[in-house]
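Given the coordinates of chain A, assemble chain B onto it according to the supplied hints.
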Amino acid sequence: MKPLKIGITGVRGVVGEAFTPELAVGFAQAFATYIDGGRILVSRDTRPSGPMVHAAVCSGLLAAGCEVIDLGICPTPSMQLALNFLGADGGIAITAGHNPSQWNALKFVRADGLYLNATQGEELLDIYHQGEFLKTRWDTIKTDISTANVIPHHIEKLRAAFDVELIRSRHLTVAVDCCNGGCALLSPDWLRELGCEVLALNDDPTAPFPHNPEPKPENMAQLRAVVKAGHADIGFAHDADGERLGIVTELGQPLSEELTLPIAAKIRWDNKRGPIVTNVSTGSRIDRLASRYGTTVIRTPVGQPFISEAIIENSAVLGGEGSGGIAVPEIHPTHDSAAAIGLILEYLAGTQATISELVKELPQVTMLKYNVEVEPNRLYSVLQNFRLLVERARLDHDLTDGIKVNLDDGWVHVRASNTESMIRVIVEGTDSTAAQKLIDWARDRLRK
Amino acid sequence: MRALPTLKISISGVRGVIGDSLTPILLTRFAQAFGTYVGSGTIVIGRDPRTSGEMVKQAVIAGLLSSGCRVVDVGMCPVPTVQLMVRARSAQGGLAITASHNPAEWNALKFIGADGTFLGPAYAREMLDIYHQGEYVKVAGKDMRAVEVVAGATDLHIKTILDALGPLPDKGRRLRVVLDACNGAGSIVGPKLLETLGAEVIAINDQPNGQFPRGAEPIPANLGALCDAVKQHGADIGFAQDMDADRLAIVSEAGEPIGEDYTLVLAVLHVLGREPGPVVANLSTTQALDFVADLFHCPLFRTKIGEANVTEGMQRENAVIGGEGNGGVIYPRINFARDSLVGMALVLHLLAERGVSLSKILQELPSLFMLKEKLTCPSHKIGEVLKMVRKTYADSPIDLTDGVKVILPNGWLHVRGSNTEPIIRLSAEATSENEVRQIRDSVFESMREIISKK
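If you read the protein sequences in the order shown, they are chains A and B. Per my numbering, residue 668 is the first one in the first sequence, and the count goes up by one each step. Per my numbering, residue 994 is the first one in the second sequence, and the count goes up by one each step.
This is chain A alone, in the form it adopts within the complex (with noise of 0.2 Å):
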């Protein structure tokens, strides 16, 4: 079966297989119809199929009677941040995100610059898959698409949230991994703009991926080499749209991307007092660091919609998910690596400290992810068998997202990928024995 996932994220597949310009036309006409027309944004990130795939959503969005403002490659947070100052009803972000080339996907944004939800998104599918969608006559429809730049604004919008003149004192070496995505036009502007000596690498948004674009140690070799060789003080890596965001220590040492949320965590609660949004397959260092603070973390199933209206209804003070994704409340609350770049610079810049110093400070635990591929069809019922084998031992579990279980030597979270056909395994133990002795008891039930 060729991988096609339609679900809270969007509308995920390889192009040349599921994901054809027929399913991008029809659901830039279903969501077109979803906000009963208006202007949309639309946005890509740097896949050799974003072309193919922005052609067909402005003509399905024009076949339904849209203005269609045409962004080009920007990062998707820069298009979120655009709806609300260019009046825009919505937006589509052509992009796959951390996926591999080869894939590409479409995702939803409402006219607050935040993804459809969950209800929101099942409604948009109801539409899809009834397929009558608006129309528009040859006498309202628009006649051309309209280009806009708004990369400046984000840049205005993130300067307007730090204390800029502080970084700039400090004139940081930082580099950056751009991965030949969105944020090649973004990040190197904005350490700029904060006086850093930028070592950009991976910045032609014109080249393929130069790697996975998933901001893990394994894809930071080329980062490492530019942090050590240009004695930066940092590095960070990003995905090819600009929503996670991975750290080089000035040591050079990759760090996994889990730790993304509890140094930016760290950072925040140092400075403020607040409720703090993650999903369930994040790992326990943040509850550990909100009891060292006397505050508190807030759960909510996994996708980054179910963050943003978490932050919003208990007035968060940050959020992110252990991908690397961290949303902070001030720019808005999605994801966005840029202003994560920011909070961290600031915090560098204020307390003087090195990134591997607060890394120190974090606490410790152990934390391993393993992916089961599994044949669509199979997906859900190979979940289900292992819930029941839970169930059945009355284990203690959560079923948020996916099924959680507490165990006495850390926890195990068994849950379908969004976007690929996988299910996604993640541990955390105290140490990394007992961290692969979980692997092994969740693998040994997945295969029944």
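These are calculated hints, taken from the structure and not from any lab test. Wrong hints could be hidden among the right ones.
If you want a taste of the chain B side facing chain A, the calculated C-beta under 8 Å gives, among others [to be verified]:
no.	residue
1	Gly1012
2	Gly1056
3	Leu1058
4	Lys1131
5	Val1140
Quick list of the computed label-pair ranges, beta carbon to beta carbon [as the list claims (entries may be wrong)]:
no.	chain 1	residue 1	chain 2	residue 2	range
6	A	Gly754	B	Ala1144	26 to 34 Å
7	A	Glu1042	B	Ser1372	45 to 53 Å
8	A	Ala1020	B	Ala1144	38 to 46 Å
9	A	Glu790	B	Asp1136	29 to 37 Å
10	A	Asp811	B	Val1143	39 to 47 Å
11	B	His1373	A	Thr810	31 to 39 Å
12	A	Thr810	B	Gln1225	26 to 34 Å
A few chain B residues facing chain A, derived, Cβ under 7 Å [to be verified]:
no.	residue
13	Ile1018
14	Met1048
15	Ala1055
16	Ala1097
17	Val1132
Ideal Cβ placement from N, Cα and C applies to all residues, glycine included.
Frame of chain A, contents of chain B only:
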């Protein structure tokens, strides 16, 4: 009677109404079918200024890129420019986004082969089979090719015409021309061409905004403004283009439409005078063309209606010029396409060389009267109408190449179903206005009756 479908999928392309039948999904599928058909090669695309042009173009680009094509986008321009660019870029095909003379709510895709001509019936059928089969080439992202946006295609078009024909001969005074571009694709290139040739140009309806200032067909009923402007400016000639600038109609210095058919007649008169050779026209084109061909002892061949049929006939007969009575001039030395720009250049050269008025030149030609009618007609009634025409003229010579053409002692009558709209067309020609009316009336009432009865 049920509503007539507004979608027309035929060997001349796919046509439909925006907001109704011509959906982006249908368009992107057709583009994929075409991309598959041409083997993922280079495709030149261009569009007329219809309001839906951008939507259609985006759907087409998505489909072509998905099927692995390299897209050369020449932007808004006449259809013949797209055809010219296919040859100039050695592309594997072209796709013109235009519903030519259909009203503003329509749009269409027309498919062009590697030789710059519209896909002939056999090839178009193969392409339609691929469309209906629904299995299109789909390439992975890494194998997708870019869209190349090309500016200046119309300048190349003008240069090609000038290189072939040269500027107008200098006879001491510049010809004064009024051009009515119907706010169509011709707006962006017609005035420049005429000036480059050396004429003085007054342009009307030259805003390419997709708003039709008049009926899109350059038929006499739609040319009132042009006739007035020709008289007002004391011009030597008036030219009228359609939306996609393939057809050309002419108004004389007296402010009189000379009839669409005479565009081709004048162009042929000029070309045969310099390079005699075979001429090809469709069945419905005026008999004045036979007169001109005889004048130069050149053979004239007739084909079915439709540009693809005429160009196929021209290739077969190695014609020096050809075209259609609706104002479509095809001059293969410049462009294997109905090309109003080429038509204007040829007729202006004729006028400049002769140094007399257009009316004078027309006096040398036989005076014939033509009538054209159309009736909305559901497809299942077409056969019955044609049968009635044959029965009415059971004793006259009949040509069944396309619909029914009856050869009469004083003229002819031609009735056929349209390829592009749910209508049936009647044309007739005779030596007097009275006679041509009589010919029409001999079948017209019966046609109405057949169509309107349950």
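Restraint check, 7 Å cut-off on beta carbons, for Val1132/B near chain A
holds, 5 Å
Can Val1140/B be said to touch chain A, with a Cβ gap under 8 Å?
holds, 6 Å
Would you say the C-beta atoms of Ala1020/A and Ala1144/B sit inside 38 to 46 Å of each other?
violated, 55 Å
Under the criterion of a CB-CB separation shorter than 8 Å, is Lys1131/B in contact with chain A as hinted?
Hint on Lys1131/B: holds, closest Cβ of chain A at ~5 Å, below 8 Å.
Ala1097/B was flagged as interface toward chain A. Is the shortest Cβ-Cβ separation under 7 Å?
holds, 5 Å
Outcome for the supplied range 39 to 47 Å, where the beta carbon pair is Asp811/A and Val1143/B:
At roughly 18 Å between Cβ atoms, Val1143/B and Asp811/A fall outside 39 to 47 Å, so the hint is violated.
Evaluation of the interface hint that places Ala1055/B against chain A, nearest CB under 7 Å:
holds, 4 Å
Honestly, do Glu1042/A and Ser1372/B meet the 45 to 53 Å range at C-beta?
Distance hint for Glu1042/A, Ser1372/B holds at roughly 48 Å.
Okay, His1373/B versus Thr810/A on CB: inside 31 to 39 Å?
holds, 37 Å
Please check whether Leu1058/B passes as an interface residue: C-beta within 8 Å of a C-beta belonging to chain A.
holds, 4 Å
Is the hint on Ile1018/B kept, meaning its closest Cβ partner in chain A is under 7 Å away?
At 5 Å from the nearest chain A Cβ, Ile1018/B passes the 7 Å test, so the hint holds.
Could you say whether the range 26 to 34 Å given as a hint is met by the Cβ separation of Gly754/A and Ala1144/B?
holds, 32 Å
Hint check: violations occur at hints 8, 10; the rest are consistent with the structure.
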